[in-house]
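*Asks:* Sequence:
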Amino acid sequence: MQQIVYFFQRYKYFLLFLFLEFISLSLIFTNLNFQKSKFLASSNFFVGGIYEKITNTKDYFRLDEINQALVEENNRLKNQLEGTGVTLTQDSLNTNQKFTYTSAKIINNTFHTQFNFLTIDIGKQMGIDSEMAVINGKGVIGITDHSSNGYTRVQSILNKNTRINARLKNTNYFGTLSWDGKDYNTVQLVDIPRQAPIKVGDTIETGGKSTIFPEAIPIGTVAKVNETLSVDNKIDVKLFNDMSNLKYIYVIKNRDKEEILKLENLENE
15 MQQIVYFFQR
25 YKYFLLFLFL
35 EFISLSLIFT
45 NLNFQKSKFL
55 ASSNFFVGGI
65 YEKITNTKDY
75 FRLDEINQAL
85 VEENNRLKNQ
95 LEGTGVTLTQ
105 DSLNTNQKFT
115 YTSAKIINNT
125 FHTQFNFLTI
135 DIGKQMGIDS
145 EMAVINGKGV
155 IGITDHSSNG
165 YTRVQSILNK
175 NTRINARLKN
185 TNYFGTLSWD
195 GKDYNTVQLV
205 DIPRQAPIKV
215 GDTIETGGKS
225 TIFPEAIPIG
235 TVAKVNETLS
245 VDNKIDVKLF
255 NDMSNLKYIY
265 VIKNRDKEEI
275 LKLENLENE
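Just so we're aligned, residue 15 is where the sequence shown starts under the working numbering, counting upward by one.
Treat each hint with caution, since some may be false.
Stated by the list, open to error - Simulated pairs of lysine-lysine, BS3-like, Cα-Cα distance not exceeding 30 Å:
#  : residue 1 : residue 2
1  : K174      : K119
2  : K112      : K276
3  : K271      : K119
4  : K271      : K138
5  : K223      : K248
6  : K248      : K152
7  : K174      : K223
8  : K112      : K267
9  : K238      : K183
10 : K267      : K152
These are computed hints drawn from the structure, not numbers from a lab. Fair warning: this is a prediction, and the values are worked out from it, not measured in the lab.
Kindly generate the complete structure, drawing on both the sequences and the hints.
*Replies:* Now the structure itself:
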């Protein structure tokens, strides 16, 4: 016992130092935890802001996906409306669906040559074949040309070989739409009757006198009418579509096409 007392008396200052050091370290660690919590709170706010930005950015880059979903929904609604017989063939009382629409995405597009084509991401597996109409929400884009299982080449409206039956909107005056290979914003309507009351700004649409396009699909507006009468009575038509800026389209299938062609190709007896 005397030795213990002696020990404390001899090392009392050192022991006091250790005691105070212990208290100091305790205070430091307590304060450190407080600072740590503050730091974590601040960092969570900062990182959370970053994640929010990342999420917003991802959402921005998902606009294509969102737009595609809207296209699919629009496609479904178009098919439903067409099934009622009140769209495209406005005067039809037939409730059978004559035209079906399949949505697709353009993966390649040329518009700067005289014989332009597009490539879309659906093909024979989706029932796509040659000579089907291709449109979008603004109007005519072209006609399917060749299909593989998963892809289809589309002959653009900006192709010198393309011919489309077209008419002056809300009339029965029609002619043939083609392209002269010059301005990719403008096509030409020829062989429309000279007595047709055409003026700049009038709307040109598909005439429906073929097995490819339904009637009343928009094409563009009259940009120029020749003052002097010519043999072909050529009219410049400014396209509704910007053919250099296309993404999603519809391919239209005429379910009565084979029946019509078979009838029209009968030999005269």
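*Asks:* Please list, smallest to largest, the hint numbers that this structure does not respect.
*Replies:* Violated hints: none; all satisfied.
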